[in-house]
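Asker: Following the hints, position chains A, P, V, E, B, C and G against chain F.
Protein chains: 8
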Amino acid sequence: MSHQYDHGRRDRIGMPEAVLCSSKTPTQISAIANELAQVGNPALFTRLSDTLVGEVDASITSAWDHDSTSGTAVLNGSLPARAGRVAVVAAGTSDMLVAAEAARTLEFSGVSAELIVDVGVAGLWRLEQRLDEIKAADVVIAVAGMDAALVSVLGGLVGSPVIAAPTSVGYGVATGGTTALNSALASCAQGVTVVNIDNGFGAACAAIRMLSMADRFAGGQP
Amino acid sequence: MSHQYDHGRRDRIGMPEAVLCSSKTPTQISAIANELAQVGNPALFTRLSDTLVGEVDASITSAWDHDSTSGTAVLNGSLPARAGRVAVVAAGTSDMLVAAEAARTLEFSGVSAELIVDVGVAGLWRLEQRLDEIKAADVVIAVAGMDAALVSVLGGLVGSPVIAAPTSVGYGVATGGTTALNSALASCAQGVTVVNIDNGFGAACAAIRMLSMADRFAGGQP
Amino acid sequence: MSHQYDHGRRDRIGMPEAVLCSSKTPTQISAIANELAQVGNPALFTRLSDTLVGEVDASITSAWDHDSTSGTAVLNGSLPARAGRVAVVAAGTSDMLVAAEAARTLEFSGVSAELIVDVGVAGLWRLEQRLDEIKAADVVIAVAGMDAALVSVLGGLVGSPVIAAPTSVGYGVATGGTTALNSALASCAQGVTVVNIDNGFGAACAAIRMLSMADRFAGGQP
Amino acid sequence: MSHQYDHGRRDRIGMPEAVLCSSKTPTQISAIANELAQVGNPALFTRLSDTLVGEVDASITSAWDHDSTSGTAVLNGSLPARAGRVAVVAAGTSDMLVAAEAARTLEFSGVSAELIVDVGVAGLWRLEQRLDEIKAADVVIAVAGMDAALVSVLGGLVGSPVIAAPTSVGYGVATGGTTALNSALASCAQGVTVVNIDNGFGAACAAIRMLSMADRFAGGQP
Amino acid sequence: MSHQYDHGRRDRIGMPEAVLCSSKTPTQISAIANELAQVGNPALFTRLSDTLVGEVDASITSAWDHDSTSGTAVLNGSLPARAGRVAVVAAGTSDMLVAAEAARTLEFSGVSAELIVDVGVAGLWRLEQRLDEIKAADVVIAVAGMDAALVSVLGGLVGSPVIAAPTSVGYGVATGGTTALNSALASCAQGVTVVNIDNGFGAACAAIRMLSMADRFAGGQP
Amino acid sequence: MSHQYDHGRRDRIGMPEAVLCSSKTPTQISAIANELAQVGNPALFTRLSDTLVGEVDASITSAWDHDSTSGTAVLNGSLPARAGRVAVVAAGTSDMLVAAEAARTLEFSGVSAELIVDVGVAGLWRLEQRLDEIKAADVVIAVAGMDAALVSVLGGLVGSPVIAAPTSVGYGVATGGTTALNSALASCAQGVTVVNIDNGFGAACAAIRMLSMADRFAGGQP
Amino acid sequence: MSHQYDHGRRDRIGMPEAVLCSSKTPTQISAIANELAQVGNPALFTRLSDTLVGEVDASITSAWDHDSTSGTAVLNGSLPARAGRVAVVAAGTSDMLVAAEAARTLEFSGVSAELIVDVGVAGLWRLEQRLDEIKAADVVIAVAGMDAALVSVLGGLVGSPVIAAPTSVGYGVATGGTTALNSALASCAQGVTVVNIDNGFGAACAAIRMLSMADRFAGGQP
Amino acid sequence: MSHQYDHGRRDRIGMPEAVLCSSKTPTQISAIANELAQVGNPALFTRLSDTLVGEVDASITSAWDHDSTSGTAVLNGSLPARAGRVAVVAAGTSDMLVAAEAARTLEFSGVSAELIVDVGVAGLWRLEQRLDEIKAADVVIAVAGMDAALVSVLGGLVGSPVIAAPTSVGYGVATGGTTALNSALASCAQGVTVVNIDNGFGAACAAIRMLSMADRFAGGQP
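Taken in sequence, the protein lines are chains F, A, P, V, E, B, C and G.
My numbering puts the first residue of the first sequence at 1, with every later residue one more than the last.
My numbering puts the first residue of the second sequence at 1, with every later residue one more than the last.
My numbering puts the first residue of the third sequence at 1, with every later residue one more than the last.
My numbering puts the first residue of the fourth sequence at 1, with every later residue one more than the last.
My numbering puts the first residue of the fifth sequence at 1, with every later residue one more than the last.
My numbering puts the first residue of the sixth sequence at 1, with every later residue one more than the last.
My numbering puts the first residue of the seventh sequence at 1, with every later residue one more than the last.
My numbering puts the first residue of the eighth sequence at 1, with every later residue one more than the last.
In case anyone wonders, no lab produced these hints; they're calculated from the structure.
We treat Cβ as the ideally placed atom computed from N, Cα and C, and that holds for glycine.
Please note: incorrect hints may appear among the correct ones.
Computed Cβ-Cβ distance ranges for the label pairs, DEER-style [claimed, not checked]:
1. C/Gly40 with V/Glu35: 52 to 58 angstroms
2. F/Asp50 with P/Ala83: 45 to 51 angstroms
3. B/Lys135 with V/Glu35: 27 to 33 angstroms
Isolated chain F, as found in the complex (with noise of 0.2 angstroms):
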């Protein structure tokens, strides 16, 4: 049986070729990448983590760009710069594999990404000192855990569109990251948008699609 990659999907819908490695067995994986390799298409892989790394095919694992505190290895280099500025503004320290996930996923796609940790709003005064900056940013993507307050608190003061990425850090009621994803939903600051939990990749993809539709706005207002 031989995969039926979409090889088409940037062409189609600006999409980078990705592939999801939490579910996958060490031999799919290598299966997967070796015909990538092939192709030759820049690619990206996520939610790999060292203990996976270590049983895929050493082949694979000398071609790729592998980075451990995101969980993501890169294969045939990145895509080409473009416009466009991101913030990815985490809670905690505990929410760095999600922020890491959403930044290299953004680097791999040719846009900006900065990195703005230790921010959560019991200590507001932090989020303060670093909200120039913030709102400097085209789009900005909010990584948080637990009660995910930051999404709100985020959402009344930047204007920017706001991704929620919910982390499914903490104990308790916030185990799995249920109440930070409903927290996030049920925000009231207006116009806060959310993707699934931990779903990093998916925040910087919904930061793409914005700035590609920023450009096609750009180019087509006389």
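Answerer: Coordinates of chains A, P, V, E, B, C and G only, in the frame set by chain F:
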């Protein structure tokens, strides 16, 4: 079958005599109120909608002091005034029923209550304008539905006890108040405590427990 | 107790002045509307059922422009027209209330909105017939209940930002809209974002955030 | 304690003899397999991970035919070939375990199964390329996790019985497969039926019931 | 905005033209019915309570054939009779609405349906008395709420396709039908399939898909 | 910190001295067992996996009588034999751990227990073969996972007290045992009672309460 | 379609003939009652609200004995008196409907029932005052909503069978009774059993099963 | 990326500097600990399992004071002693981890803590024996899993603030602690407050807020 009231509760643990009406029939409420009217102790009736009041015995409705905004009625007068001030802080108009229930329970119990509404974090400047008032209170009750982000923001700004009373206000994932409840429980602010959804009465009782302890503490410290 | 409105919100983050009516009493809505009528800023009232309208002060109902299909009312006129076109795409007639709320919020905010209904994926040819119209929009709002399969299909065909507004339409496991919500969040299409169940207003606000960003982006690109 | 097998099941209702291994100890599996080996009837073992196989009696592992991809083993050979073709259609590589369990159950039961993978709706053209093959099958098993949008799209394009086998593939709200399950149950396509999450075996048994009925139907219709 | 019906659906996949009324307004139902009346194709309206019927245009209520027991109406006559018999087996009187919806959908589609009620497993002899009738059917629809034990018992006794239609009948943990649904999905009987809670219409459509396949199967077998 | 055992429990309410090990550390279990060994009263340890036993003090493992099948250990011997017979009826091999825990608790308490396995309702004839044995028991404990249909079938056939012990056996919607639990609670058979998921110990204790009552009843009836 | 009653149920398993009315239409209830009136066996109707009674055939309402407090009606008289006493212990007035349903079911079945109300554990002295009465009963039914702490306290003080009937009384997390149900199932007191939420009827039937067993036990012990 | 600590938190709101370790990597914990060691402020590390400690930099493990029972470590010494006594009351040995985390947080913060274990309500006499000690405390932390009945019993006997810390101890419906949490929130005792599941640290912080308030109260009352 006659009722078996816990008239000693105030002496035993300092909690007011109170009747939760929402799951009782008008006949049951009338019977209880008549018995309490004869005993003569001050008593508070909660979750008493206008509709329910209209179905209770006329002798009772002329005897008690009913307030529609909080859905409460006071029978046989209030308890003596005592030291301590509580700030009841509500995110928006829709949280008014719960906030007013808390405030009326406090007033019935002789505690001074200040109601501060419309300070949701989507417009953070509104909360900042009232912050000095809130900081001056001995105990803060934070009333909020939807994402309940107000709870974490308050908990990070104020050192007093913060009691979160999540409300069932909202729709979609906010329906029924579970999102607000879980958000408050998972709050990134340290040492915030929580009561059941829509339980303004319970939040007030918790504040009374704290003020009573402080009274004893003040008395017992040389 | 007077209300404390966030009149600076539009200047601060570009969001329209809006009042969510579903969890407020007719008395509260009348009070708020009277205050806003005096201020004179354009304001939008949402979740305003015909029943609720019937219980509001007559002075208000003659002042605002109420629309039953979307359950909204506009007070003090709409905001000035601005660039950008949004396609509001709904799976079926039952999703009309949410789709119309999104469309009316956009129109109130000066944004051109096109409503495309009856394009559920059970009859895929219907969506294909309208695809060129949808692709021509700057932002797409996908309104769907039940399995919300429309979201993934649209996300795979269109490169613009796709905002999913899941609806509470359906019965059994679809009751309340959680299945549609989770389906949209777990979408196999990259970069789709999601708002709360039945939140047509929020989806429109998210689109406005994106168009405002594109405006700035267009201005800043030489 | 000896086991009490239901050896008459195939005669009674046409279902194959099968043992679900995932909640049994290696000792229990060995005991059952030894008893079945003596009886001599063809039997299928499902949910048999490589780890579990490593802990079972060596006499058994040399007797049965184990397949890692589907996590199944066949003891005492397969059942005789019979009429009818089933298409097992899977959204992606990650759904392979469940799809292969369905295909192997069919083959063990003498039914011809065709496995069609990587046809998720995010790239709809891939499904369209394979549609004629799928339409030619008597029964279609749709295997999909996450949003399971494949189920509705297939159900709208194909008139044959469509059996949805939702999978536990995914993270966040997709964890455990409930979103895929509910999405399939709430499908906007008419007459789709559903089996338990990850139940490839059950989907195959349902297809066998349908083919047996068709056999009788063919025989009984003049 | 005019509607965009999927009139080709019956030709494409053999499913009847049907309108789910429960989440539509009387105005929407009237508009759809008027358009369908002009087209002239047979159409089925489901989830049509007596209350809803009372609010629909009089021209429609005189044109269609409404049945209170099943909450359905037939417009423009039924479809031609076809081969195949379906047994609709219901645990108790309370499951009647769903069972009747299934039976009426079948009859509207030209399929012979037999309704067998009051055979819950708490009195197993009642089911055993009717077992020969049930075994004689081509397809069995099992309608049951609460614990839905009827599904597993039937699935173990009958070799035909068994489609479970769980109902929302019951209280406490049975409220809403999730227990019946999950019980049917987790059935210990092999190859049972399931439709959404209360979805008598969908169960009937699934049976029609199976009978159509059997028709083709019969035709294609020499 | 020394422990404060409830040694009077057997005299007070007739329940055996028992220690739930699954949420205790090996150190805690060793300390408790050493204290109980000195006291000398018969005691039962439950949820004692082989792994856990391997980490407990050797002095203890030589003192108690551990049984792997039920995950229990008996210290200081069993209680005296008493009248009454209990049938522990389990649907399948996978339910063995819970069934054996119930049987061993009964035997430790001096009550005669008969274990009847592999009588799931998917093959009803197996249950019918053992029905006379089951009817002869004073109390019936029904152990079943997945859909727990055995509970309702037994409850409809037997007049004795039927105690359902739902198990966590199964996958998908059956994961964790909630479906079996809810199915048992919603049973269509009258007067069935239920204990917590996997609580074989509690089911046995409930049977002991009933037999003790019957003892008193027998003594008190002239 | 005529009904197929299980008139042999009392002979077979000792359970009373009973009709659950809450999910039946007035027409269905009238039809069933008329048939049962002709048969002449004593029958109990449960969940029969005053509203529902008002819609049933007048011939029935004059024939049966309806009681509003318990929502039950008795047709054709009660069953003969038998040995055994059951204490129905309820936490508060709000639990009265369920407690009265249990008591009336017992009385209809010829069993003596004592109703003890207002003994919630928030005022533990009230329970202690009635403890001797409760201990004197053969079986105890504990009726409680909210946290259902009464169940564990009773289970620790009483050696008789304790059947928990959790109620749907309460708001917030207590809504619908799931918290009370789970609290009773997770009770720290050994050997407590549980019935479905609000199932006073089922709790009474369980008590009858136990008393019947005790009867046989008494007869069979020399 | 350097961390941005909230060192002013103790001055601002009186809360101790603390690091939640459970969702951080050993590398992240080491980095944070090294930075805090240089700053020199007393800091508490929580959720620090022995396994995690073994993976942290050796320089850190020699610098902090780690305690396995509570899973905490103290760096740079404790805070100065202050007035106030807190009773930490736990139902059983299994709740020890959470109870010890609360006690250690208090001791680190300079507050006297008394640990009282094995007072579950299944043996009520044990609690009654310790009641005078508990009543003498200024604040009571009630630590309990499963049904958390201890919370309501304590809340009814003690007038001081009662903070419930529900634990994840238990199995079946108790798994994860939601039943204990909801039971505490729905407590029939007035004015009990609740923190997140297993949040011994948060319960201690809440007690500190209350004692700080009492300190100010004592100072401010003439």
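Asker: Does each hint fit the structure? Answer for all of them.
Answerer: Okay, the hints, checked on the actual structure:
1. C/Gly40 with V/Glu35: 52 to 58 angstroms: 54 angstroms, holds
2. F/Asp50 with P/Ala83: 45 to 51 angstroms: 48 angstroms, holds
3. B/Lys135 with V/Glu35: 27 to 33 angstroms: With a Cβ separation near 28 angstroms, lysine 135 of chain B and glutamate 35 of chain V satisfy 27 to 33 angstroms, so the hint holds.
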